[in-house]
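Asker: Okay, here's what each chain looks like letter by letter:
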Amino acid sequence: MDSATSDVRTPLGATADNGLKIVVVGGFGVGKTTMVRSVSEIRPLNTEETMTRAGEAVDDTSEIRGKTATTVAFDFGRITLDERNVLYLFGAPGQERFWFLWDRLFSGTLGAVVLVDTRRIDDSWYAIDRLERHGTPFIVACNDFGGARHAHSDVREALDLDPQVPLIDCDARTRESSKEVLITLVQHIQSRYAGQRAHAAASPREFV
Amino acid sequence: MKRPGRDDAPDRLYTLTGGRSGSGPDSPFDLVTLVVAESGPTVGMQSEHAAVLRLTQAPTAVVEVAAELGLPVSITKILLSDLLAAGRVSARHPRNSALPDPDVLEQVLVGLRNL
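Just so you know, the sequences run in chain order A and B.
First residue of the first sequence? That's 1 in my numbering, and the numbers climb one at a time after it.
First residue of the second sequence? That's 1 in my numbering, and the numbers climb one at a time after it.
Hints may contain errors.
What the hints assert, rightly or not - Distance ranges between label pairs, derived from CB positions:
(1) Asp162/A with Gly18/B: 41 to 51 Å
(2) Arg173/A with Leu99/B: 31 to 41 Å
(3) Asn114/B with Gly29/A: 42 to 52 Å
(4) Gly29/A with Ser90/B: 36 to 46 Å
(5) Ser107/A with Ser47/B: 30 to 40 Å
(6) Ile121/A with Gly44/B: 52 to 62 Å
(7) Ser47/B with Ala200/A: 41 to 51 Å
Unchecked claim - In silico SDA-like pairs for lysine to any residue, Cα to Cα no more than 25 Å straight-line:
(8) Lys179/A with Leu105/B
(9) Lys179/A with Asn96/B
(10) Lys179/A with Pro41/B
(11) Lys179/A with Arg113/B
(12) Lys179/A with Asp103/B
(13) Lys179/A with Arg95/B
(14) Lys179/A with Asp101/B
(15) Lys179/A with Pro28/B
(16) Lys179/A with Asn114/B
(17) Lys179/A with Pro102/B
(18) Lys179/A with Glu106/B
(19) Lys179/A with Leu115/B
(20) Lys179/A with Arg54/B
(21) Lys179/A with Leu84/B
In case anyone wonders, no lab produced these hints; they're calculated from the structure.
From the three backbone atoms N, C-alpha and C, an ideal C-beta is built for every residue, glycine too.
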């Protein structure tokens with residue numbers, strides 16, 4: 001046995017050459033890891049990133065000044081899509097400090113799933129706000145915890161959700177349901193960028 | 001077995017990278033850049049470098065390397081930059097642009113439906 005790990009790793013095929021990212025964001029205990037696990041071909045792995053920031057002003061959290069180290073742990077799984085494309089699915093905490101590392105970790109991400117526990121809807125406000133500001137395409141998936149179903153209109157209102165953003169129910173424990181969540185996200189990304197491309201073609205100078 | 005890095009004093013990480021603490025925003029490595037070893041470990045090589053070369057015999061994402069080594073992503077990127085500069089690994093960067101390629105999105109959809 002070599003190195004420090006004893007797990008049997010499932011290697012990617014030799015032709016894999018394009019890594020893609022989708023991020024599952026949500027509050028503690030909302031089922032991010034469960035969702036990653038249900039569709040991943042590897043046991044979810046965990047890693048962390050640390051960033052030291054010196055004296056920069058931080059929006060919304062004025063008390064955070066001076067030199068601070070931000071450490072964020074996140075877990076991830078992997079889905080081999082075809083001979084070349086590999087999708088990495090990241091489960092990431094939605095708390096404020098996480099967003100300092102968003103650009104470093106998740107720039108170029110295809111999109112995000114905001115996983116919501118309808119009993120604790122306020123946990124999701126911050127994540128949705130940040131994703132909107134970052135211009136990251138996202139959908140909202142309400143994880144089924146067996147309680148009373150909330151009407152989608154109520155959830156939309158509570159989240160102040162743009163009508164274009166898809167909202168679906170899911171059971172993060174099941175592969176089929178998690179797969180459906182990812183498919184819904186990718187379809188949303190397709191339609192969103194198709195619109196942007198049309199706009200860019202119509203008025204290229206306005207497009208940034 | 002204890003994972004390296006996880007509970008170690010910061011000075012160990014400092015030593016690992018020759019004092020460099022971050023790969024900076026200009027690092028060529030993305031979390032999902034796929035790294036492939038171009039040669040095997042050699043005698044006397046820094047043990048983390050040797051571990052990377054063993055891990056990346058098949059294409060392996062930066063984030064997987066970090067997780068397997070138990071090191072922060074930024075430290076892992078520094079190790080990988082050294083190996084890349086020495087020609088010991090090659091890097092397959094994600095084909096990202098501001099707007100995702102519609103063909104790639106379609107491939108993602110097909111791949112997900114086939115799960």
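Asker: Please write out, lowest number first, the hints stated earlier that are contradicted by the structure.
Answerer: 3, 10, 15, 20, 21
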